[in-house]
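The task is to assemble the complex, starting from two chains supplied on their own in separate frames and drawing on the hints.
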Amino acid sequence: MALLEINKLTKRFSGLSAVTDLDLSVNEGQILGLIGHNGAGKTTTFNLISGVIPPTSGRVIYKGKNVTGYKPHILARMGMVRTFQLATVFQDLSVLDNIRVALNYKSGVTFWRTLFETPGMARRDNSRISENAIKLLDLAGLKHLSDQRAGSLPGGYQKLMSVVIALAVKPDLLLLDEPVRGLNAEEIAILISLVKAVRDERGIGVIIVEHNMKVVMDNCDYIVAINFGKKIAEGTPQEIACDKRVIEAYLGSE
Amino acid sequence: MKLPRLWNYLTVLIVLFLVALPLIVHSPRYFSLIDVLLLNIVLALGVYSFWTVGYLNAAQPVFFGLGAYTVAILTIKVHWPFWLIFPIAGIIPAIMAVILGLIALKIRGASFMFITIAFCELMIWLFDAWKGLFGGVGGLYPVPQPLIKIFGLRIDFSASMIPYYYLALILVVITCLVYFKIHGSLLGRVWQSVGKNADLLANTGISVFSQKLICLVVSCFFAGLAGAIYAPFMTIASPGEVSLWQGIWIVLGVLLGGIYSPIGAIIGTVFVAILNVLLEGYASIQPLILGLILTLVLLFMPSGILGFSKKLIAKLKDATTKKVAQPESKKTF
Chain A
0 MALLEINKLT
10 KRFSGLSAVT
20 DLDLSVNEGQ
30 ILGLIGHNGA
40 GKTTTFNLIS
50 GVIPPTSGRV
60 IYKGKNVTGY
70 KPHILARMGM
80 VRTFQLATVF
90 QDLSVLDNIR
100 VALNYKSGVT
110 FWRTLFETPG
120 MARRDNSRIS
130 ENAIKLLDLA
140 GLKHLSDQRA
150 GSLPGGYQKL
160 MSVVIALAVK
170 PDLLLLDEPV
180 RGLNAEEIAI
190 LISLVKAVRD
200 ERGIGVIIVE
210 HNMKVVMDNC
220 DYIVAINFGK
230 KIAEGTPQEI
240 ACDKRVIEAY
250 LGSE
Chain B
0 MKLPRLWNYL
10 TVLIVLFLVA
20 LPLIVHSPRY
30 FSLIDVLLLN
40 IVLALGVYSF
50 WTVGYLNAAQ
60 PVFFGLGAYT
70 VAILTIKVHW
80 PFWLIFPIAG
90 IIPAIMAVIL
100 GLIALKIRGA
110 SFMFITIAFC
120 ELMIWLFDAW
130 KGLFGGVGGL
140 YPVPQPLIKI
150 FGLRIDFSAS
160 MIPYYYLALI
170 LVVITCLVYF
180 KIHGSLLGRV
190 WQSVGKNADL
200 LANTGISVFS
210 QKLICLVVSC
220 FFAGLAGAIY
230 APFMTIASPG
240 EVSLWQGIWI
250 VLGVLLGGIY
260 SPIGAIIGTV
270 FVAILNVLLE
280 GYASIQPLIL
290 GLILTLVLLF
300 MPSGILGFSK
310 KLIAKLKDAT
320 TKKVAQPESK
330 KTF
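As you go down the protein sequences, you meet chains A and B in turn.
Mapping of the first sequence onto numbering that gives the first Met the number 0: position 203 corresponds to residue 202, and the numbering continues sequentially without gaps.
Mapping of the second sequence onto numbering that gives the first Met the number 0: position 146 corresponds to residue 145, and the numbering continues sequentially without gaps.
Chain B extracted, bound-state conformation (with noise of 0.2 Å):
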């Protein structure tokens, strides 16, 4: 989906609204909320990519709990620098994504969703009854604030929640160019066709596993990032960080935007957090309106909620160049 100029703008007044948000959140709680709708819009992007090539994972939460229990494990057992950590707390869980992949990829479709739920309560469990490696049902606790030095610059994460968000910030912006450039491109159109026309997709040559294989470890490797940067945050990586109704939130946050474009898949995270929040008092209904909420998109907003506006601006667009015969329009927008 090639975006007008106007879009390349908005994007940068978003991505400078976001840089200079410390000096406009002070509230620690909603400063707080926000770094963690970071990282799961990383967690959402990896999901998105994975529907387009045909299978929804709700084990995100699980490679993003991996992603935390490697930070927490190779800081406290083994005490190495945060910077060398990181990129290892990617790798964990895209080899564990292989490892599941393998197994589970040969798989068509809906069943596919059904191994990941239990995937994931299996992964739990393991979180739980590994004591001497995840610490049990405490976790690794507590797991100390990495400590950065580069180009001379000290950066202390233990004085206070703003060095994670710039970090959280990045991995973001990351994830993004990597997702935005993979689905605007060719590779993006074979991966659509492998969720859509897999046969005919094989018929030309492409390995339709690997393309599968590729796309699943993609997703989790940036998962185990954004774990990565949950654990010090929260000072903190047990069972109870993973859960499979977070996986379950995620997949329906993909689902509401739509699949045109990852684009989607970040306002749909952003509407199912706004939401979370709305709902805080009352836990014990929030199933009931988060399936109410999904099946009033899904029939009134089959194509997500960016599809709706997609066709809402066609509507819009076809009743205003009715009115006006000139051929150079400005952007009607």
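Here chain A stands alone, though its shape is the one from the complex (with noise of 0.2 Å):
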């Protein structure tokens, strides 16, 4: 059974198909690239997955059960977390912070509990979230920056802690919107790396857009090309590089 299953996924805006018909899966483990122009439908899709909107046809399929439609923060609470291109950050939160808002579900801490609690209840909480916190920005080589202000952080560390603000709510898969735009060599190989590491233990899978062909073609596992909002191909790293319809959409792009 597949991780993520889309059926015929369809968005229509007045008219226009941003995604039509779109057939696509992902397994346990598996890295999934998605590759079209911009304005091919990529974020469309990724919208359409995590309930930002709703599709006019289709169906999602998560973990064999029928999401479609279902709000953004059900599906979190179900193990599909993405990040976004713009809004990648907590900006004026520091930056254990924003790890820390991002525990705050999964760590069980509710008004009730946030009211009545004891401080020593309280410091209990706060310094298993905190502690939590730092594991995972130290994975990331973020830890030195804790805190700062994340909206004064380079784009590229914004990046990164997105990245880390998704893996605290322990997905089971992960939708990365273009995480890579705007990092140089070096901060992509952490990125990846951190991917790859908790794919690696965790069996999560990851479905990336992105237009670094480079990290595409390096580290998926299978990649689909979107155009227009259709699949025109689809297939291994090898079968996409030498597959026609992919060169023509793509000719002189990165």
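Just so you know, not all the hints are guaranteed correct.
[Stated by the list, open to error] Quick list of in silico lysine-lysine cross-link-like pairs, DSSO-like style, CA-CA up to 27 Å:
1. A/Lys70 / B/Lys105
2. A/Lys70 / A/Lys169
3. B/Lys195 / A/Lys142
4. B/Lys195 / A/Lys169
5. B/Lys105 / A/Lys105
6. B/Lys148 / B/Lys76
[What the hints assert, rightly or not] Some chain B residues flagged as far from chain A (calculated, every beta-carbon gap over 10 Å):
7. Lys76
8. Pro86
9. Gly100
10. Lys105
11. Ala282
12. Ile292
[Unchecked claim] Going by beta-carbon spacing under 10 Å, a handful of chain A positions derived as facing chain B:
13. Val66
14. Val88
15. Asp91
16. Ile128
17. Lys142
18. Arg244
If you are wondering where the hints come from, they were derived from the structure by calculation, not from laboratory data.
Each residue gets a CB set at the ideal place from its N, CA and C atoms; glycine is no exception.
Shown next, in the form of structure tokens:
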């Protein structure tokens, strides 16, 4: 059983079809690359899968369950977590607080508990959450930046943080929306190795939307290429590299 | 925002001062003003809290009014004791907040404030029009004075204003404890994020809608309790006690204080109250002065009074630490 399966997913905006009859599947432990030009419908596909917008037709099946149209926070609780292109971090919070907020739901600290907990309980909760947050930041090499305001970090670090935030939610399926855009080679290496480490350890599935062809070709197990909202090719990196339609569509792009 | 030790002592001093206030202030007029100020602080804290999740609520007086009317109706018509009615006066507005939230919270941002304005006017009209329940334009009068008997003490609220003062003070302290606790905790950070980056927050498994609703309901609960003290204090619950104008004053006080901390909301509200007193004789130009001050504050102190003070203190610190090179400094404040 595939971790995620999309059947004939379609989204029309006032007559314009952004995504048409898209079929896709991701297995546990698999890294799937989703490539296409700007405007090809990649982010829309993510938005459809993660419940940000409802599809016009088609189904999203996650862990065997039909989750089409489920709200984003429900899907996150089920283990489907995504990153965003622009809204990467909580700008005004510190780096540590960013991860602590991301851990909040899973750590079971509710409103009533916050209100009525004793200082002792509060201390224990806080140190437990902070400890977990620091461990996560350490994996990405960001621990030394804990107290800095997240918005003041350079863009590359913010992107890295957005992945850490996603990982804090203990995903089973990770949807990465252009995670390496704007990063230098070193930062890309850190991000990819972080994702792969989690994939190796916990067998998560990953869908990565990217323009950086080298990253996609080097790291994806399987690639789906879309153009104008329709799938034009799919296969292993080797197959895609030789695929005429893909070459035609992307001739000259990086 | 973690406050240094000095502020803890300052807080204790302020509280002691407030407890001793009745001994210092004898003028009934100022005493009454201070009492109302305390209740406004309770309202302002709720508005502040809701501001952190991204909305401005100009209808806080409505929930205040609902609390007042609850007390008036239940004491006059059903003769329930005050201690029983008091929490109910918080719950009824809380229920109304749930209704408002379910209808209006699907909307983002600025439009919500307009809905609260419309809601406020609608409720004032309702208080006026539904004569059977709310007593029409004259309201419900007189509201009986509470008589509380606890631990052998007999507290007669009809004797003087002092019991009202202490009741209001206790409510303010409890409200402050609740809100400072929440906003200093991880939940406070979560609520901040609701306002600023709801999509990312939803992605961590948190129901943004639920958080907004909880925040609104809590703020309206406390507003209702404040109204519950107001009704017997003024011996009246009428549409005249609820006004959109007051709602906007409260919002402005909160905006003046800045978003960094609930303390800002308190400072801003006190500032606005003092301003109101100073402008008392000039009712016609009040809006003008108000608009002028607000514009000036937003231009020169965009992060509110508190944000401005923080920056000022930071600048002073920089200036003094340049001269003093020793690492172990006394608290330069």
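Hint check results:
no.	hint	in the structure
1	A/Lys70 / B/Lys105	holds (13 Å)
2	A/Lys70 / A/Lys169	holds (18 Å)
3	B/Lys195 / A/Lys142	holds (24 Å)
4	B/Lys195 / A/Lys169	holds (23 Å)
5	B/Lys105 / A/Lys105	holds (25 Å)
6	B/Lys148 / B/Lys76	holds (21 Å)
7	Lys76	holds (33 Å)
8	Pro86	holds (16 Å)
9	Gly100	holds (15 Å)
10	Lys105	holds (12 Å)
11	Ala282	holds (40 Å)
12	Ile292	holds (26 Å)
13	Val66	violated (14 Å)
14	Val88	holds (8 Å)
15	Asp91	holds (6 Å)
16	Ile128	holds (7 Å)
17	Lys142	violated (19 Å)
18	Arg244	violated (33 Å)
Taken one by one, the earlier hints fail for this structure at numbers 13, 17, 18, listed in ascending order.
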